[in-house]
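Peer 1: Read off the chains here:
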Amino acid sequence: MSTASDSMTAVDRATTTLGAASIAFACFVFAASLPSEFEFVEVGPVGAVALVVCGMLATLSGLTRRPPLRTVAGAVLTAGALAQLVGLAVSVQPLGGDASAMSVTGGLGLALLTLTTSSAASLHQKHPMKGRP
Amino acid sequence: MSRGIEPSAGAPAARVPETTTTAAMIAALRVGVALMWIQNVGWKVPPDFGRADDRGLYFWAGQAVDYPVFAPYSAFVESVVLPNIEIFGWFTLLIEGGLGAFLLVGLATRFWAVVGIGQTIAITLSVLFAPHEWHWSYYLMALAHLAIFATAAGRSYGIDGVLRDGWSTSTGRLPRLLTRSS
Chain X
1 MSTASDSMTA VDRATTTLGA ASIAFACFVF AASLPSEFEF VEVGPVGAVA LVVCGMLATL
61 SGLTRRPPLR TVAGAVLTAG ALAQLVGLAV SVQPLGGDAS AMSVTGGLGL ALLTLTTSSA
121 ASLHQKHPMK GRP
Chain D
1 MSRGIEPSAG APAARVPETT TTAAMIAALR VGVALMWIQN VGWKVPPDFG RADDRGLYFW
61 AGQAVDYPVF APYSAFVESV VLPNIEIFGW FTLLIEGGLG AFLLVGLATR FWAVVGIGQT
121 IAITLSVLFA PHEWHWSYYL MALAHLAIFA TAAGRSYGID GVLRDGWSTS TGRLPRLLTR
181 SS
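In order, the protein sequences belong to chains X and D.
Just so you know, our numbering puts 40 at position 40 of the first sequence, and the rest follows in order with no gaps.
Just so you know, our numbering puts 154 at position 154 of the second sequence, and the rest follows in order with no gaps.
Next comes chain X alone, as it looks inside the complex (with noise of 0.2 Å):
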């Protein structure tokens, strides 16, 4: 019982990192001023509203427990990086920028999926009889 509560309170602070770094990611919006040194990520408008409200859903999803928060918002933050794929290939950035972008979005998503898919399935596997008469 503790370890499955332990290991749900891993999983939130996880998401909640996550989402604050999404949110942190978002202000390289503002990085074409910086010195191309320091321009680690290229993304534009639409990129960096995806990735606050999705650091937003992240966070709160983390915070207050929320598990569905957490798969919308990988959800949405890995669709946006596959399009951005797609985009780079017609030259049309949906997130604008360039592949730094969906490379951001891409493993934030993928992570907070995963954490989703894994501790679900974790969760069942320490409760074979769960559910069972």
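In short, the hints are calculated from the structure, not lab data.
Please read these numbers as outputs of a predicted model, since none were measured by experiment.
For glycine and all other residues, C-beta sits at the position ideal for the given N, C-alpha and C.
Some clues are possibly wrong.
[Unchecked claim] Stretches of chain X that chain D covers, calculated by requiring three or more beta carbons in the stretch to come under 8 Å of a beta carbon on chain D:
1) 31-42
2) 95-103
3) 110-118
[Claimed, not checked] The following label-pair restraints were derived from C-beta to C-beta distances:
4) X:Ala120 - D:Phe129: 35 to 41 Å
5) X:Pro68 - D:Pro83: 48 to 54 Å
6) X:Val86 - D:Phe129: 35 to 41 Å
7) X:Leu60 - D:Val69: 48 to 54 Å
8) D:Phe70 - X:Val86: 33 to 39 Å
9) D:Val69 - X:Ala24: 34 to 40 Å
10) X:Glu39 - D:Phe59: 19 to 25 Å
11) X:Ser33 - D:Gly172: 27 to 33 Å
Starting from the known structure of chain X, fit chain D onto it as the hints suggest.
Peer 2: What follows is chain D alone, placed relative to chain X:
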């Protein structure tokens, strides 16, 4: 029976204990290397990856031919990579984008550390002898990935650290794969 080397009087401890500070330093290494890949995937621009203007990835891949480091690799680049830069460019973009994404969050970190070493070797063989390049940049890149692999850096403030226990007790194929790659 002791389970390890006991420090004796005057002898240094066998291992540095894993503390919050050392874990944070390992995570900083991982995230820093991820940011390097993230920043540098940005200038891999499809569809021609710089072929039209002899710039970008096409130019830098061509350095392997102009300033050969390893003759067979140079021949491969000249006869296979450059004529098909539109294909190899996408490989490069996906590999470096994946390196940035997965190392950033610490997911399947040891697998991606190996990928990073491979990509570093490819870059090194392309540009090591190019003018104005600092050879230690590439040695340090390889060593940084080696450190990420050796420390299993995803277990320090990464997704691997959060989920690995669950993966290791699961019977599924993907969790087992993730256990091995973390």
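Peer 1: Quick check: which numbered hints come out false for this structure?
Peer 2: The structure breaks hints 4, 11; every other hint is satisfied.
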